[in-house]
Amino acid sequence: MDLTGHSTDFVVDTSFPEAMRHFVRLGQQRWPGLFLYGEPLPPGAPTDWRLPEPDDDGFSGIVTFSSGQEMEDFWEENGYALDAVRQGPYAVFYRHHVQSLHATTVSGVHASSPEVEAAVEGTGLLLAEYYAVSLVTPEDPDVDTFSRSVVNDFVASFGRPATAM
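Residue numbering for the sequence shown is 480 to 644, as defined by this note's numbering.
Be aware that a few hints might be false.
What the hints assert, rightly or not - Cβ pair distances, simulated, as ranges: (1) Gly603 with Arg509: 31 to 41 Å; (2) Val564 with Ser591: 19 to 29 Å; (3) Pro496 with Gly558: 21 to 31 Å; (4) Gly601 with Gly638: 39 to 49 Å; (5) Val595 with Trp510: 14 to 24 Å; (6) Asp488 with Gly638: 12 to 22 Å; (7) Ser579 with Glu555: 32 to 42 Å; (8) Val599 with Glu549: 22 to 32 Å; (9) Glu549 with Glu594: 16 to 26 Å.
Calculated directly from the structure, the hints in this document are not laboratory data. This structure is a prediction, so every number in the text was calculated from the model and none was measured. The beta-carbon is built from N, C-alpha and C at its ideal position, and this holds for glycine as well.
I would like the entire structure built from these sequences, with the hints used as guidance.
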């Protein structure tokens, strides 16, 4: 199978595990029969859901999302692609980094108010630990409504309203 999908990459703080729990709840709102990791998510599970234990390296993982067995089968055949109703599977790949991160200049800030954006734009960034995250959607969110809604849900899961892409 050819590689498919579009990756939107983020560096996120240590609130990532809690944000993912919210993102799973939003996924279940989108698809009441939500599958995670190729299995049905039991009713009520998003409340108790926790980010899985890391892979063997101790720091990385993946969470996959689909609407049900039919989409799982479609995914196996077509990869990250839109189906007949213009929806498709998506996944979050993540790696936890326990070393510090420094960015010299922050740009492209989207915040709760113009004042906050102005105060942060152009400043430096220091994080003691962080997660590198790739959200893989069927299409580029700049051109596909479904993929944009998934990215917006991910951003909103961090307690901030998503901005239109």
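Hint-by-hint comparison with the structure:
Restraint check, Gly603 to Arg509: a C-beta distance of roughly 37 Å satisfies the suggested window 31 to 41 Å. As the Cβ distance of Val564 to Ser591 is approximately 34 Å, the hint placing it in 19 to 29 Å is violated. For Pro496 and Gly558, the hinted distance range of 21 to 31 Å is satisfied, since their beta carbons lie about 27 Å from each other. Judged by the Cβ atoms, the range 39 to 49 Å given for Gly601 and Gly638 is violated: they are separated by roughly 23 Å.
Hint check: Val595 to Trp510, Cβ distance near 33 Å, so the stated range 14 to 24 Å is violated. One distance hint, 12 to 22 Å for the beta-carbon pair Asp488 and Gly638, holds here, with the actual separation near 20 Å. Checked against the hint of 32 to 42 Å, the C-beta distance between Ser579 and Glu555 comes to roughly 40 Å, which is consistent with it. A C-beta distance of roughly 44 Å is found between Val599 and Glu549, which places it outside the suggested range of 22 to 32 Å.
For the pair Glu549 and Glu594, the beta carbons lie near 47 Å from each other, so the given range of 16 to 26 Å is not met.
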